[in-house]
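Enquirer: Line order of the protein sequences matches chains Z and D.
Here the working numbering is used: the first residue of the first sequence is 1, the next is one more, and so on.
Here the working numbering is used: the first residue of the second sequence is 677, the next is one more, and so on.
In short, the hints are calculated from the structure, not lab data.
Be careful, since some hints might not be right.
[What the hints assert, rightly or not] Chain D side only, calculated, beta carbon under 8 Å to chain Z, not exhaustive:
#	residue
1	Leu-704
2	Gly-707
3	Glu-741
4	Ala-743
[Said to hold, decoys possible] When the alpha-carbon atoms are kept at most 25 Å apart in a straight line, the in silico PhoX-like pairs for lysine-lysine are as follows:
#	chain 1	residue 1	chain 2	residue 2
5	D	Lys-713	Z	Lys-266
6	Z	Lys-475	D	Lys-713
7	D	Lys-713	Z	Lys-467
By construction, the Cβ of each residue, glycine as well, lies at the ideal position given by its N, Cα and C atoms.
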Amino acid sequence: MKEIKIALVGQPNVGKSHLINSISGATLHVGNFSGVTVEKKEVEFERSGYKIKLIDLPGTYSLHPYTPEEKVTKDYLLNEEYDLILNVIDSNQLEKNLTFTWQLADLGRAMVVAFNMYDEYARQGGNIDTDKFFNLTNIRAQNVSAKEKFGLEELFEKVVCAYEERNIPKVYYSEIIEEEIENLKEKIKECGFTKRFVAIRLLEDDEDIYKIVHEKPWYSEILDVLKAAKERLRVEYDEDDTKTVMFEERFALSKGVVTQIAKKAKKETVTEKIDKILIHPVLGLPIFLFIMWAIFQATFNLGSIPMDYIDASFGAFGEWVGGLLPEGVVKDAVVNGVIPAVGAVVMFLPNILILYLGINLLEQTGYMARAAYVMDGVLKRFGLQGRAFIPLVSGFGCSVPAYMAARTLKNPKDRLITMLVIGFMSCGARLPIYVLLVSAFFAPEIQGNVMFAIYIGGALMGLIVAKILRMVLFKGEPEPFVMELPKYRFPKLKAILFDLWIKTKMYLKKAGTFIATASLIIWFLSSYPVNEKELSKIPKSQQQTYVLEHSYLAQIGKAINPVFEPLGFSWRETVSIISGLAAKEVVVSTMAVLYNTPESDETSKELIETIRKNISFATAVAIILIIMFYSPCLAAMGTFWAEVPQWQWRIFYTIYPNVFAYIAALIGVGLIKAFS
Amino acid sequence: MKLSDLSIGQSGVIKKIHAKEPLKSKLLSMGITRGEKVKVLKHTLAKNTFDIEVGNSSIALREEEAAQIEVEKV
Chain Z
1 MKEIKIALVG QPNVGKSHLI NSISGATLHV GNFSGVTVEK KEVEFERSGY
51 KIKLIDLPGT YSLHPYTPEE KVTKDYLLNE EYDLILNVID SNQLEKNLTF
101 TWQLADLGRA MVVAFNMYDE YARQGGNIDT DKFFNLTNIR AQNVSAKEKF
151 GLEELFEKVV CAYEERNIPK VYYSEIIEEE IENLKEKIKE CGFTKRFVAI
201 RLLEDDEDIY KIVHEKPWYS EILDVLKAAK ERLRVEYDED DTKTVMFEER
251 FALSKGVVTQ IAKKAKKETV TEKIDKILIH PVLGLPIFLF IMWAIFQATF
301 NLGSIPMDYI DASFGAFGEW VGGLLPEGVV KDAVVNGVIP AVGAVVMFLP
351 NILILYLGIN LLEQTGYMAR AAYVMDGVLK RFGLQGRAFI PLVSGFGCSV
401 PAYMAARTLK NPKDRLITML VIGFMSCGAR LPIYVLLVSA FFAPEIQGNV
451 MFAIYIGGAL MGLIVAKILR MVLFKGEPEP FVMELPKYRF PKLKAILFDL
501 WIKTKMYLKK AGTFIATASL IIWFLSSYPV NEKELSKIPK SQQQTYVLEH
551 SYLAQIGKAI NPVFEPLGFS WRETVSIISG LAAKEVVVST MAVLYNTPES
601 DETSKELIET IRKNISFATA VAIILIIMFY SPCLAAMGTF WAEVPQWQWR
651 IFYTIYPNVF AYIAALIGVG LIKAFS
Chain D
677 MKLSDLSIGQ SGVIKKIHAK EPLKSKLLSM GITRGEKVKV LKHTLAKNTF
727 DIEVGNSSIA LREEEAAQIE VEKV
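From just these sequences and the hints, can you work out the full model?
Expert: Put into structure tokens, the structure is as follows:
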């Protein structure tokens, strides 16, 4: 079957990913663009006898990229093989979106436009004549609504049509510019792009094209013509630079086309009304803090409801499996090692899902951008900018996507500072450890608030560290803050449920594979070697404790323990903390194995009781402090290393959080001892 | 006058963008171009960050950036 490979492009917030999710019968692959960690979504499906493959490129405002992510899109469009460009446009922002469409049209490739969010536009009385648009530009277009799923099938019919008929856009600028394009075209020889495209990009100072052309033997021949052309445009348009001339030209073209094809919609005012309250000069910040507080309260309080059920199920499951297996090592390993450990991790799934749901809702409704606006003033004081808020908040979910989200920061210094403190935003995987320790050591009424304090404390410390980094290592001004505030939208239930389902699946998969293996290893290391002769001398009830105390794990733990002794750690806590470097979930599962003494009845809820009996308050606080600040998991560290090529920063990143965590824990323990 | 000199609710027409590249391109590509009407929807208490309306979109920017946009009050 013939394949049509399509580059899916559009400005940010036009509902591109929404559109992808609405295509029926499509399979989705998620990967990375080569060489970078920007997420690359590929969607495949069949229509009209073709296999259609969509490559979702990062949203970008223009072909003059501003962020590293926007650069990915431009590089793809210039260098990769594809058959057609599908440009998605927000119908409510035609003029602005079309300025980008004209830049894409210059590429001289087959192209189709989707006027997305047409449902909203039509509801406000708007109307777009796509046939007329086709007549004017030779670009086939379709009004669609990814939300209400209309126009999608027609869109792909037009895609196939444009592919078969090779509909190359015919978009022309005003006479003066076209004249200069023609003059330049005469001098331009072969270079892999259409002459028209090269001429236009040279006129508007595109450095990437400059670099390519610079290598060509005919480069010197175009210089005079180019210089004269640019001079003429500057004078005619009364502007300082030709890049601005071209932006204005395209904007004027958009306006001209829009008056011909579209009936204007009434202005939507809901967003403005909501914003009157949510980003109110005085109320904005307290409202933001309240929303965050509410999310953490819900995470803790609602999340604890299903815990007992999950706990009971794993207990019953363990007994059932125990009944099936013959007595021996395998039974021991499964019933005492793997099942309670995996159960202890799965028990916290509801908490994690609620936290993800909260972050997801902030994102989908459009509040996240407002939060960036509200927080910009605060972040600026710490040497960051409002946009850094989004990776930082994502860090509360998982550090891995947070590091990737930092790509939206343009300035390398800003990016690095943000990435260095993302680890201080406690990720979802650390939540179980907090829940465990907070449940064990704090009164039920204040548990939610303690949790909030842990998260806010971590975040604040992150900001302070950012400020110090900015003052000491990264002197200079933070990058400018310019950010679109998208319209408020009702979150789509299906998309959210799908997302949570994916998260659940991944979490359970991790619990069933990685965590199960890790806890099996921990169990093995904690159950061997067994000295039968010695063992027979001591009473049966103390045998298990004896084995544990003399196990490999105890030996390892005891060897490292002197380092953690000032914090009051026994080797059990030491081992748990260190195992957390592999993945934070492992801390809880390790504790479950290590504290699984005969006195406890092996269920997860009991773990809280056991912990309370075995650990002092000061030690619990020290553990919490270390978890808050020390290195994130291997996966996160790997992502950071992939994102940051400089060795000195990689090494700094790998060491400083651990030193910081240790000192913080020392101070914490010291304070508690001083005041008790 | 500068965009940052407008108060909440006031509008102006953009005369010139004084920002340097690449910020200038960024502003232009977001629809902040000569001849367009801008309205200050909101700013934070200390006037650090502005929320402006251009075309049909609302854009957040800092006082420093707003000061580089020359407008004529209408």
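Enquirer: Each hint: holds or not?
Expert: So, going through the hints one by one against the coordinates:
Below 8 Å, beta-carbon pairs count as interface contacts, and D:Leu-704 has one with chain Z at about 4 Å; its hint therefore holds. Interface restraint check for D:Gly-707: the shortest CB-CB distance to chain Z comes to about 4 Å, inside 8 Å, so the restraint holds. Evaluation of the D:Glu-741 hint against chain Z yields a held restraint, the C-beta minimum of about 5 Å falling below 8 Å. Hint on D:Ala-743 is violated. Least Cβ distance to chain Z is approximately 11 Å, over the 8 Å limit.
Restraint check for D:Lys-713 and Z:Lys-266: the C-alpha separation of about 17 Å stays at or below 25 Å, so the hint holds. Proximity of Z:Lys-475 to D:Lys-713 is assessed by CA-CA distance (about 37 Å); at most 25 Å being required, the pair is judged violated. Note on D:Lys-713 and Z:Lys-467: the hinted pairing is violated, with a Cα-Cα distance of about 37 Å set against a maximum of 25 Å.
Going through the hint list in order, the structure does not satisfy hints 4, 6, 7.
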